[in-house]
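2 protein chains.
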Amino acid sequence: MSKGVISKDEDYSQWYNDLVIKADMAEYSPVRGCMIIKPYGYSIWEKMQSVLDKMFKDTGHSNAYFPLLIPKSFFSKEASHVEGFAKECAVVTHYRLKNDGSGNIVVDEEAKLEEELIIRPTSETIIWNTYRGWIQSYRDLPILVNQWANVMRWEMRTRLFLRTSEFLWQEGHTAHATAEEAVAETEQMLEVYADFVENFLALPVVRGRKTPNERFAGALDTYCIEALMQDGKALQAGTSHFLGQNFAKAFDVKFTNKENKLDYVWATSWGVSTRLIGALIMAHSDDAGLVLPPKLAPIQVVVVPIYKHDEELENITTYVNSLRKELIATGISVKFDNRDTHRPGAKFAEYELKGVPLRVAIGSRDMQNGTVELARRDTKTKETVNQEGLAARIEALLEEIQTNIYQKAANFRTENTTEVNDYEEFKRLLDEKPGFLSAHWDGTAETEQRIKDETKATIRCIPLNNKQEEGKCILTGKPSTQRVLFARAY
Amino acid sequence: MSKGVISKDEDYSQWYNDLVIKADMAEYSPVRGCMIIKPYGYSIWEKMQSVLDKMFKDTGHSNAYFPLLIPKSFFSKEASHVEGFAKECAVVTHYRLKNDGSGNIVVDEEAKLEEELIIRPTSETIIWNTYRGWIQSYRDLPILVNQWANVMRWEMRTRLFLRTSEFLWQEGHTAHATAEEAVAETEQMLEVYADFVENFLALPVVRGRKTPNERFAGALDTYCIEALMQDGKALQAGTSHFLGQNFAKAFDVKFTNKENKLDYVWATSWGVSTRLIGALIMAHSDDAGLVLPPKLAPIQVVVVPIYKHDEELENITTYVNSLRKELIATGISVKFDNRDTHRPGAKFAEYELKGVPLRVAIGSRDMQNGTVELARRDTKTKETVNQEGLAARIEALLEEIQTNIYQKAANFRTENTTEVNDYEEFKRLLDEKPGFLSAHWDGTAETEQRIKDETKATIRCIPLNNKQEEGKCILTGKPSTQRVLFARAY
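Sequence order for the protein chains is A and B.
If you're matching positions, the first sequence starts at 1041 in the numbering used here and goes up one per residue.
If you're matching positions, the second sequence starts at 1041 in the numbering used here and goes up one per residue.
Hints may contain errors.
If several chains are the same, the list does not tell them apart, and a pair holds so long as it fits within one copy or across any two.
Stated by the list, open to error - Straight-line distance between alpha carbons at most 30 Å, and here's what the computed BS3-like set of lysine-lysine pairs gives:
| no. | residue 1 | residue 2 |
| --- | --- | --- |
| 1 | K1298 | K1348 |
| 2 | K1335 | K1097 |
| 3 | K1448 | K1420 |
| 4 | K1422 | K1518 |
| 5 | K1097 | K1062 |
Simulated from the structure, these hints should not be mistaken for laboratory data.
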């Protein structure tokens, strides 16, 4: 509850919000639902981008850029797509302001657009309209394109990073000659996301498929990764869609196949967003502040000198400079905080709040003894260690911290994933011990909706490689062949 | 005139447009004035971003992200700023579409915004509104922030990369305690831009300041770098603005200085955009296609095998793989084009069009002789060289090409920069031998405007460190103490 951050057990939602603000990650803007991503928060996004971008390129994708604005008519071409996005989109209607003569700046009604333009909530329509010009034959396929961009969905209830009207994301849009190839791409990108979230965000995920109800507007199949937050709510961390030929049909994108016949092109799209920063914060942090996995921490090691006299600082600085050099050479980011405007205690609290994985404190006695004090953010443990071999020790510790943070989240998920066979028990657990509830479902949209209406729990996914077992739907008692994963969700 | 590209001497403007399209750099979109940046064009932007981003960080800047949409009222707060941008901005008025009952998707008039939002044409207003909350004391200064973003200016006459309604750019926005510090930042960033354009785009620039007429809307002083294109027109390649306290006053951003007095904060902003890709193309390319400086070429070396039988290809491939390994180890990007669907001649033409700096061709006879054929894109020269030591030779050649492209552009600029003392001669040169015209000017906005109206030439800049000399204004004959640089411009 330090520094104005409420305890997460007291009010998880407020704790999250306080933490985002106090740790200098982001703040709300005067534009409803839009956020300002501050340098510290943005540097985590940059790390995510750089890792993901390499993963996309290693799997053969290239980046491109498509227009922010989409003609309204494009939107209407794919029926379920417009249905899904029309209710929450920003509409551009004019292209000029003017001075009304009495000094007020007003919209110039003479500059009204013939056709309204929508700020992209996602880019399938404008991209598939473009692909029509790029694809004639199977030789032009596959097209493996990704875009890093801002998108806008006019959300009514927003939360920093988790749900904002404007957010940053990447959206992959690929075109294929066969359904099989498109499905393989969809699955490949889901695995890329799962790999990224598990190995970099240190957050275990369940790979699965959405029910028809929960699919992306325009998709035949939506794959997703689902993670569990510390309050027992689920968070969808990434999606990968098999779009079939829906967009090719809507935008008339045909190709000549190897048999010299015309066919519609097969599509996928997949995306993750700045929402991942919200997941990262929610999954690992504590009442003292952020806990960042070393692989995504903007600063991995901070060094704080403890001294009274300038000669002491000089002495410490000489040592720290050589340590820094060693660490930087192994790719570890280090900050030496030698500000004389703040006391060591204030610095400790600041880096704890900001989730720096390792803190090194060095005083004059340490210099005499050839030691330093090493403090881990994740376990809040401290130890005095020798300066000799410190760089190697830090390198190993960072790996250990990454693993430990993951393991803690994995244990939490195990403890909060329950097989349930009774609807009363199901409802009780949702209130008393929320988490993933693995239960039988009769496969109908009606049942899914009733459970949602009655409990606010949704089917997060049908896990991939799900065990087949006979069972009875938790609500209707009708026969079922597999369990699905329910939870309340962000 | 190959591959549908017209000769640049015949029609420079058409040549540029054809080249952008044929080389797969970009294309127009269905949204008026907006472009689609294709993967090949975007990969050049990515290279530019990565170099500039490092330069910004090396000079102490961090990235952040501010909202796309700006409340209309923010715009009106700085008088000359709104004057400069109101006439060409996209206005969001509604936040929902609806089905009108007969299947048409229309704007939902019930979802009209109370205050219209403007898609950012630049972010000074939203950022300075934010800085108010970040700055209390001199200890909070300087703030050194950069943003990579899309912006929108509703241009009536657009050209791919050079002038589009939406474009990508970076905008630095810094806050300082003193005017001197802000001016130093403005000058530092101009030098960063000049360094980048000269050393990476291989394009010499003139560093200078704009006349009051040509300043950024809201700036006290605008610094710029100006480059000369092959048709003798100038292109503004980057600007850095000293904004004084204008935005701090408009958004009430005050701080307590070291003397414990309240004062307004001093500001700078600076930006370069995807326009640089247009400059890159225009400055160096020829009738056969792009000529890219190696430091920004997405592919630096392409290897084309020449063979009839598969065994020959196998043999060549073994060698190429070892060459690639060597090249990649020194950071050189290589593409081995072993497609069997295209003949070597077609491949040669493709990479010429796309401006790949070096082409290596290898046939069976080369393999017997231990040689390859090396072709330079910039000079269009070919030579047969030994495979032994080839990687080192390629590395040296790429540097030589970078230097040569720069030198060619520098020579062109020298040949097309003329000191003029007579207005008739000035007009004649603009038509017959366009380029930079260095001439005396009486320093008044009226004269500047008359020259612009009569000749379409503008004052590109007052060069930094300009030689002081007595002279007479080319139009009015009034006394002048220095020459300024005129040109027709993009």
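Hints breached by this structure: 4
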